[in-house]
Amino acid sequence: MINGQGESDDHGHDGDLFVAPRNYYYRKTTIPKEAFNVYVVGEDINGAPFQRLAPGPSPSPSLGLGLSPSPSPRILGFPFSQATTTPVSAHDIFKGMIPASMSISENSTATITSTCPTCQLTPSLMPIYELFTAGGVSGQVWGRGTIAMLRLVMTAILMWNL
Amino acid sequence: MPRFVAGNQAVSVTGDAAFSLSVLGESTLQFSTFNFVSFSGARHDGWFPMEMEEIPPPGSQVWAHTIIEGNYHNWKDLEFEFRAKTGSGRKLLGKIK
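Protein sequences appear in the order of chains A and L. Here the first sequence is numbered in the working numbering, starting from 231 and rising by one per residue. Here the second sequence is numbered in the working numbering, starting from 143 and rising by one per residue.
To be clear, the hints were calculated from the coordinates, so they are not data collected in a lab. Quick caveat: nothing in here was measured; it's all calculated off a predicted structure. For glycine and all other residues, C-beta sits at the position ideal for the given N, C-alpha and C. Mixed in with the good hints there might be a few duds.
As the list claims (entries may be wrong) - Result set (DSBU-like, lysine-lysine): computed pairs, CA atoms no more than 35 Å apart in a straight line:
1) L/LYS227 to L/LYS239
2) A/LYS258 to L/LYS218
3) L/LYS237 to A/LYS263
4) L/LYS239 to L/LYS218
5) L/LYS237 to A/LYS258
6) L/LYS237 to L/LYS227
7) L/LYS239 to A/LYS258
8) A/LYS258 to L/LYS227
9) A/LYS263 to L/LYS227
10) L/LYS233 to L/LYS218
11) A/LYS263 to L/LYS233
12) L/LYS239 to A/LYS263
13) L/LYS218 to A/LYS263
14) L/LYS237 to L/LYS218
15) L/LYS233 to A/LYS258
As the list claims (entries may be wrong) - Where chain A lies over chain L, by a calculated footprint (3+ residues, C-beta under 8 Å):
16) 171-178
17) 195-209
Sequences are here, hints too, so could you generate the full structure?
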């Protein structure tokens, strides 16, 4: 651990020695493999134990670390029965959409695979993927996640309200 | 509810309807900041919070920056922990050393 009270050899433009505040801490750590909160435990000035939770949305592997709500890939380019559609990541964290373009007919299914380098989805998390048209959401499908990979199976009948 | 005193507290619930329980308090000790950081910058380089897409996959090693406000006993005694967001007991997932 590095405490902010430590010295630095980095001098500011005015020649002053940079010293971080003493309540700053820098530590090397390993990112957990499931959703987490961050706590600090210690003793207060009177020697009494304390515990505190880090504020705000905690970095969460399931959400691409720190985002809420969960990002989703969006599928654009309706109607599926006629045109080629293009899977697009809404938050630019889903990479390598395969296929890059596709078509799908009524009552059929298709599979889109994408990698998500910053994601880890656990079986308990079942993200909802929204199917978008130019006019808005046309339907929803439910996907299953595994580590670093998303597999989306969509059913054309869900979109038949176009 | 009366003002809490230091120590363990107990709450009794009557009935079977859904409920939530919130416990709030004020303290001079605050965990004010937690970020994964990376060293970057050109002329004025330093440690900067990572954007979401910059954070490496689970299992990767990364630097974390924390700020604690208030008076505590000894910074060397502070321990930072990852705990599961779900499940009973908030399972310990790892420590930030």
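Exercise. When the hints from earlier in the document are held up against this structure, which numbers fail?
Worked result: Hints that this structure does not satisfy do not exist here, as all of them hold.
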